[in-house]
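Student: Take a look at the letters that make up each chain.
There are 2 protein chains.
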Amino acid sequence: MSNTKTERMPVADELEQKASEMTVGNGEEDIVDPWNVTSASAKGVDYDKLIKRFGSSKIDDKLVERIERVTGKPAHHLLRRGIFFSHRDLHFILDQYEQKKPFYLYTGRGPSSEAMHLGHLIPFIFTKWLQDTFDVPLVVQMTDDEKFLWKDLTVDEANRLAHENAKDIIACGFDINKTLIFSDLEYMGQVPEFYRNICQISKLVTFNQVKGIFGFGDSDCIGKIAFPPVQAAPSFSSSFPHIFNSRKDLPCLIPCAIDQDPYFRMTRDVAPRMGCLKPALVHSTFFPALQGAQSKMSASDPTSSVFLTDTDKQIKNKINRYAFSGGGATIEEHKSKGGNCEIDVSYQYLTFFMDDDEKLEQIRKDYTKGELLTGNLKKELVAILQKLVREHREKRSKVTDELVKQYMTPRKLAFHY
Amino acid sequence: MSNTKTERMPVADELEQKASEMTVGNGEEDIVDPWNVTSASAKGVDYDKLIKRFGSSKIDDKLVERIERVTGKPAHHLLRRGIFFSHRDLHFILDQYEQKKPFYLYTGRGPSSEAMHLGHLIPFIFTKWLQDTFDVPLVVQMTDDEKFLWKDLTVDEANRLAHENAKDIIACGFDINKTLIFSDLEYMGQVPEFYRNICQISKLVTFNQVKGIFGFGDSDCIGKIAFPPVQAAPSFSSSFPHIFNSRKDLPCLIPCAIDQDPYFRMTRDVAPRMGCLKPALVHSTFFPALQGAQSKMSASDPTSSVFLTDTDKQIKNKINRYAFSGGGATIEEHKSKGGNCEIDVSYQYLTFFMDDDEKLEQIRKDYTKGELLTGNLKKELVAILQKLVREHREKRSKVTDELVKQYMTPRKLAFHY
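These protein sequence lines are chains A and B, in that order.
Going by numbering that gives the first Met the number 0, the first residue of the first sequence is number 0, and it counts up by one from there.
Going by numbering that gives the first Met the number 0, the first residue of the second sequence is number 0, and it counts up by one from there.
Just chain A, with the same shape it has in the complex (with noise of 0.2 Å):
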């Protein structure tokens, strides 16, 4: 790999190096970290001060734009409607793009229950859109061992989980000509190289910096010390050999929730000092629990999200029930005042999975006027969920073992060199 290439992506070291150390938030700010989303405001978590913090950029409406210019196709409404709302490099993929040059994708899942809700999907649902738009190939870590040594897991069970998560992540329609699901658990021990690529990055980070970042302790066990370089491995296409046929130079783009980015703020610092490109990263704002915005789902609170084996039923009857209305009081004061989508956890859901531009738009007027009653947005959205996750558990219901294994043998994949 040469130098060039790593200058290439340019980026504030400085500002990037600052936010890690800053990542543990005081009493004042929003506490984002991989296992804690803790708003101090009821309207959720400030984005804005977010992309200060992390030094991270704005997703605006250029780059919007220029997402659309360069592959001629429009952009997903998680991008227009600013659910991927931060990133770092994005430009330099797009020139790879624009370039004829390939790049990948790497995403992940912690497997730590059977069923995933509604807020797991996103990524999901947003990095197919980006293996169908811009035909790239998609490498999706399952981080059985994170969920084995945070979680009250067994290694097997959490090796399960993983193999059962797969079929979720598989129903969302991923090219199998194009993607590799893998559990760290197994991959550890098929490729070499991603032990390698552990060990260079474990050389490169201290316990001080893993302190600052993650917000580890001198009483946390030395596997979650040692767990960061693992999520940090698969940024570098040489952890990859089989599937990129040993190009070590393949550029990354990794679509998350924003509360992942520590991971990578810590692998962009060690990236230059291994001869690595520093993948480039596309954020996520929080999918929002039912009783509202101000901290992520729990998969453990079966009343906190909609879940991809929830029945028709149960999921009108969550919504209905749980999901924390913006509108009045009563129908008259509804009427009068009308509704608040920002804080509607309902309208919320319909800006993830409703595509319809225009019908949002209609819906969002005659809410904020109070023309339309939360009673209706509800019903709108449980046609929808319902619709989602019904044909989510058609598509996982064919997803045989055999299926899972294909996806899961490191091999290597079609893409454009």
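A couple of the hints might just be wrong.
[Said to hold, decoys possible] BS3-like, lysine-lysine: derived pairs with alpha carbons at most 30 Å apart:
1. B:K150 <-> A:K247
2. B:K358 <-> B:K57
3. B:K223 <-> A:K150
4. B:K411 <-> A:K404
5. A:K223 <-> B:K150
6. B:K223 <-> A:K210
7. A:K210 <-> B:K150
8. B:K404 <-> A:K411
9. A:K334 <-> A:K364
10. A:K386 <-> A:K312
11. B:K210 <-> A:K223
[As the list claims (entries may be wrong)] Which chain B residues stay away from chain A? Per the calculated CB distances, all over 10 Å, these:
12. R65
13. I124
14. D131
15. D356
16. L359
17. E360
18. T373
19. L402
No wet-lab data here; the hints were simulated from the structure.
Don't be surprised by glycine CBs; every beta carbon is placed ideally from N, CA and C.
Assemble chain B onto chain A, guided by the hints.
Tutor: Chain B only, in chain A's frame:
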């Protein structure tokens, strides 16, 4: 694995616990950890004190007799002469052997330089005797990852040195049907069970603990902090499913120099919590540097030891020039006052390498009385070392890359169930 088996290994857990907090020496005590051996005394490390501090047990005459009785063979001179001087749970291993139950040997080497020296050979000479005497399989860990993390080496260079050093180990004559040599950097990517065990160990050890045991600090890289479980994992037979036919409950005996004990105190601490057997150990004293017993030899100082690549002439020169003498300053003084075998490095080396007990005892007597001159003592040693190194070099020259590959391929080893 049943708890009964775990409980069968009698251990003073509290003592171990205490000892692990005491590894990092204070001003008064010898410092003995995997990276530092420094003695406060000119006589070198006080091994009796070390046994107390580490909480291990002395190998006394009674135990040596038991080994001879159980195996029906004379004890190796490294055992008879107190060079392997300390143990943990060796009685349990002898019980196993008496009951015709299998166990395996585990030892290792940190490949930091091309040329190994005499001191590096000691554990392998003894391990070969153990393998032959007990007819048991052996796994040899080449910690190329450790050397990459601690030294100014690339991953490739560390891995290359692992292969070079493997040739020296093979030249010691280990039975290919009963011996696996493995490089961490390679084996990690071959056998998922290795990483699984590493994860399990890593979950049970805190940063505070490795700080106490190994003296790590906040500015150490997380690679170092993550390493101890890598050296611990081969203590569990489940790390070698191919080798041991997926048997998870094979007891392990580790021959090593006492400075490696901190790794295995940690291992023994976590073993019961993993439902695994604690590994048993036999510890050796340090092979003295030519300049004297105060410290271990350094592979980076060519005058500190005899290397396995030294010529006859180099060996002769090194012993004559650098081997610290316990003899008189002049011939007259030597003849009148006699020599001091306790501090005479050439005599010490003879205890390691001369197998004839009677002749050694005669030399000791004659030298102590001043009847044997230093020059003659050294001549005796030079001849033995020249023969040993010459024979080693011949055997090593016959070790092909293909043979190394065979030894380093995970495969079923022959042993009696």
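Student: Next, verify each hint and record whether it holds.
Tutor: Evaluation of the provided hints:
| no. | hint | result |
| --- | --- | --- |
| 1 | B:K150 <-> A:K247 | 24 Å, holds |
| 2 | B:K358 <-> B:K57 | 26 Å, holds |
| 3 | B:K223 <-> A:K150 | 24 Å, holds |
| 4 | B:K411 <-> A:K404 | 26 Å, holds |
| 5 | A:K223 <-> B:K150 | 24 Å, holds |
| 6 | B:K223 <-> A:K210 | 15 Å, holds |
| 7 | A:K210 <-> B:K150 | 24 Å, holds |
| 8 | B:K404 <-> A:K411 | 26 Å, holds |
| 9 | A:K334 <-> A:K364 | 13 Å, holds |
| 10 | A:K386 <-> A:K312 | 12 Å, holds |
| 11 | B:K210 <-> A:K223 | 15 Å, holds |
| 12 | R65 | 38 Å, holds |
| 13 | I124 | 31 Å, holds |
| 14 | D131 | 32 Å, holds |
| 15 | D356 | 46 Å, holds |
| 16 | L359 | 45 Å, holds |
| 17 | E360 | 49 Å, holds |
| 18 | T373 | 46 Å, holds |
| 19 | L402 | 21 Å, holds |
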